[in-house]
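Visitor: Given only the sequences and the hints, what does the whole structure look like? Please build it.
If you read the sequences in order, they're chains A and B. Our numbering numbers the first residue of the first sequence as 1 and each following residue consecutively. Our numbering numbers the first residue of the second sequence as 1 and each following residue consecutively.
Calculated directly from the structure, the hints in this document are not laboratory data. Be careful, since some hints might not be right.
[Said to hold, decoys possible] Dumping the calculated DMTMM-like pairs for lysine to aspartate or glutamate here, alpha-carbon to alpha-carbon at most 25 Å:
id, chain 1, residue 1, chain 2, residue 2
1, B, Lys346, B, Asp7
2, B, Lys190, A, Asp108
3, B, Lys190, A, Asp103
4, B, Lys387, B, Asp377
5, B, Lys26, A, Glu190
6, B, Lys31, A, Glu50
7, B, Lys31, A, Asp3
8, B, Lys346, A, Glu190
9, B, Lys103, A, Glu50
10, B, Lys346, B, Asp62
11, B, Lys190, B, Glu113
12, B, Lys103, A, Asp103
13, B, Lys190, A, Glu99
14, B, Lys357, B, Glu347
15, B, Lys190, B, Glu52
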Amino acid sequence: MTDDRESILSRVRGALAPLHERAPLPAYDSEIAVLRSLLAGRDLAELLAERMRRVNGLALTSPAAVVAHLRAGGHRHGYCDPALWPELAPHFADGFTVETRFDRTRVDEYAFGITRAAGAIAESGTIILKDRTTSSRLGALAPWVHIAVVSRADIFGDVTQAVAALGEDRNVVWCTGPSKTADVEGILIEGVHGPGEQIALIVP
Amino acid sequence: MKGQAIDRFAATLPAETRASVYQSTKATHEKRTRLLFDQFADPDRLRALAGEIKQHAIENLDTYLPQAEARLRANGAQVHWAGTAEAACAHVLRIMRDRGATKMVKAKTMVSEEIELADYLGRHGIEALETDLGEFIIQIDHDHPSHIVRPIIHKNRREIATSFEREGLGAYNDDPATITRRARHHLRHKYLAADVGLTGANFLSAESGRIALVTNEGNSRFSVAATRCHIVLVGIEKIVPRDRDLGLLLNLLGRSATAQDLTVYTEFISGPRDPAQPDGPEEMHVIFVDNGRTEVLAGECREILRCIRCGACLNVCPIYRQASGHAYRSVYPGPVGAVLSPLLLKENFPQKADLPKASSLCGACHEVCPVNIPIPDLLLRLRARAKEENVPSPGTPPMGPWALLASQPTAWRAALVAGRALNVLPTRLIPVPALQAWTASRELPGWRGGEFRRWLKARRRPAPPAR
Chain A
1 MTDDRESILS
11 RVRGALAPLH
21 ERAPLPAYDS
31 EIAVLRSLLA
41 GRDLAELLAE
51 RMRRVNGLAL
61 TSPAAVVAHL
71 RAGGHRHGYC
81 DPALWPELAP
91 HFADGFTVET
101 RFDRTRVDEY
111 AFGITRAAGA
121 IAESGTIILK
131 DRTTSSRLGA
141 LAPWVHIAVV
151 SRADIFGDVT
161 QAVAALGEDR
171 NVVWCTGPSK
181 TADVEGILIE
191 GVHGPGEQIA
201 LIVP
Chain B
1 MKGQAIDRFA
11 ATLPAETRAS
21 VYQSTKATHE
31 KRTRLLFDQF
41 ADPDRLRALA
51 GEIKQHAIEN
61 LDTYLPQAEA
71 RLRANGAQVH
81 WAGTAEAACA
91 HVLRIMRDRG
101 ATKMVKAKTM
111 VSEEIELADY
121 LGRHGIEALE
131 TDLGEFIIQI
141 DHDHPSHIVR
151 PIIHKNRREI
161 ATSFEREGLG
171 AYNDDPATIT
181 RRARHHLRHK
191 YLAADVGLTG
201 ANFLSAESGR
211 IALVTNEGNS
221 RFSVAATRCH
231 IVLVGIEKIV
241 PRDRDLGLLL
251 NLLGRSATAQ
261 DLTVYTEFIS
271 GPRDPAQPDG
281 PEEMHVIFVD
291 NGRTEVLAGE
301 CREILRCIRC
311 GACLNVCPIY
321 RQASGHAYRS
331 VYPGPVGAVL
341 SPLLLKENFP
351 QKADLPKASS
361 LCGACHEVCP
371 VNIPIPDLLL
381 RLRARAKEEN
391 VPSPGTPPMG
401 PWALLASQPT
411 AWRAALVAGR
421 ALNVLPTRLI
431 PVPALQAWTA
441 SRELPGWRGG
451 EFRRWLKARR
461 RPAPPAR
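Guide: Given below as structure tokens:
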């Protein structure tokens, strides 16, 4: 089967040849898109919590609060990143079943998933997941509740900083609130394919 | 009914659909405007800047495409080039056959609709399932999307509930939350059973080879979490020079499309999964699709290639609000579609030459465009092209008599006198269909013909300059 690389590139060159000059790349300061007045003088963890609430997410600051939230919601069966589990296990008393391997054949059994976040964006209330630090893409996505463990030091102020820190990872996902749709008559419904509840556990 | 094709489609739109399209487009537009102007001191400066970046990118595709290709290859992705819709479909089929794959889940790709991929794969025994809730409903109904961001803006919950019942997705229930739960349950097993996840790309960074992809539902994330092979269809105009430009454009995309600071899931994908990651594709293919774009680039409407598919121009357009999306008979409706759709048809341009005329040229689409595309200017250029190519224009009032009057002073003066008859005759009787359509719901103002000429004549001539 032939590939159209050369013919496409030659059409591109042909299309651009008559231009007397090509549009220059404008110089700009990324600050132009930063919500500076929102960020000024704010503690980033506090601002993250505030901005997450705005998109129907939730930020908690202790494992005990996470366990209480799961208990209240009746979410008793879940997945946890094996590297995080030793520290979190003592907070999960009887009545919880937590697996450290996500078995895709039993996808419907997991009510919550706990994975590590690579960071967060305070300005937009966003959790950052990267392939190298997320123990399972499905574990962070398929359960109804996703709890992302964020270190305080990894919270960026704004989108511009987070873009600059994309790094070498081949897969980076920014999650801003729970999965949602307004396809049916414009009515907001959460939990379409991904989590219906997006939680950040902010740790020191 | 006579007139352009778009008028005939619009005339058949049920009043209920028209009302719901009007309300939801208006609400989204107003939310967008409030958000942008609350948050930024000068949103128009942002729009202009984003437009300059995209214009630069498309005018340097000869540099950026090979650069993006090299980066993707270095990251372990395979890159293919497709000149036409057929070539793009054939690439996808070959990739699937090479893997012995028979099931695909699709997310966030307008290009796949443009090239009619699902039908093509279906004819070759491959199931290609839509995963966006709205697109899924479109697929089971054998319907077409009517909005870039809100594909089923033309459907109500009762129609959707009926379709779900017919497809065996539970007893009739038109509660939107129940509909969504049922789709969630049904589709997650489809993702997990699929061999290949196919997505589009909102942007492609030449600097890093990163594809940026946004969804609110998380369907593209699920497609690349559950499957072992990821195919990306990307129009060649989606390229941006650097990652930092992605930041600026993403800030504008969510706000312009749905009045969100950021869309819920913003993915940056530049290759197959990390070796340490248990889930997701070990193989990634990126198909650069031309399918008419290089012809657009060569023409005088190349600014339309800046488009980032936010749908803001649809939401604000008085014509779209009245006609809804199907009237545009294309994957890309609304003002952007009125420019892009006829152009992508290449030599079949006359088939959709009516679309550029479906505009009052009010300029609202230009005013809201996050990449500052001068859509009204482009519409005028396409109208001129239709005229040059002698494309028939049914329903347009004949301009011949006007041309005659305007070029014969005697005839013009006679017409000015004769026009007074309009003050006494019922205007319904004037045998010009376009005028009759207009006066059916409006009154003509009183005839004042000749006043300007009298004023000009009476005006004292300025004294000639002294020698």
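Visitor: Evaluate each hint against the coordinates.
Guide: Here is what the structure says about each hint:
no.: 1; hint: B:Lys346 to B:Asp7; verdict: 23 Å, holds
no.: 2; hint: B:Lys190 to A:Asp108; verdict: 13 Å, holds
no.: 3; hint: B:Lys190 to A:Asp103; verdict: 16 Å, holds
no.: 4; hint: B:Lys387 to B:Asp377; verdict: 16 Å, holds
no.: 5; hint: B:Lys26 to A:Glu190; verdict: 23 Å, holds
no.: 6; hint: B:Lys31 to A:Glu50; verdict: 20 Å, holds
no.: 7; hint: B:Lys31 to A:Asp3; verdict: 45 Å, violated
no.: 8; hint: B:Lys346 to A:Glu190; verdict: 42 Å, violated
no.: 9; hint: B:Lys103 to A:Glu50; verdict: 42 Å, violated
no.: 10; hint: B:Lys346 to B:Asp62; verdict: 21 Å, holds
no.: 11; hint: B:Lys190 to B:Glu113; verdict: 20 Å, holds
no.: 12; hint: B:Lys103 to A:Asp103; verdict: 21 Å, holds
no.: 13; hint: B:Lys190 to A:Glu99; verdict: 24 Å, holds
no.: 14; hint: B:Lys357 to B:Glu347; verdict: 18 Å, holds
no.: 15; hint: B:Lys190 to B:Glu52; verdict: 41 Å, violated
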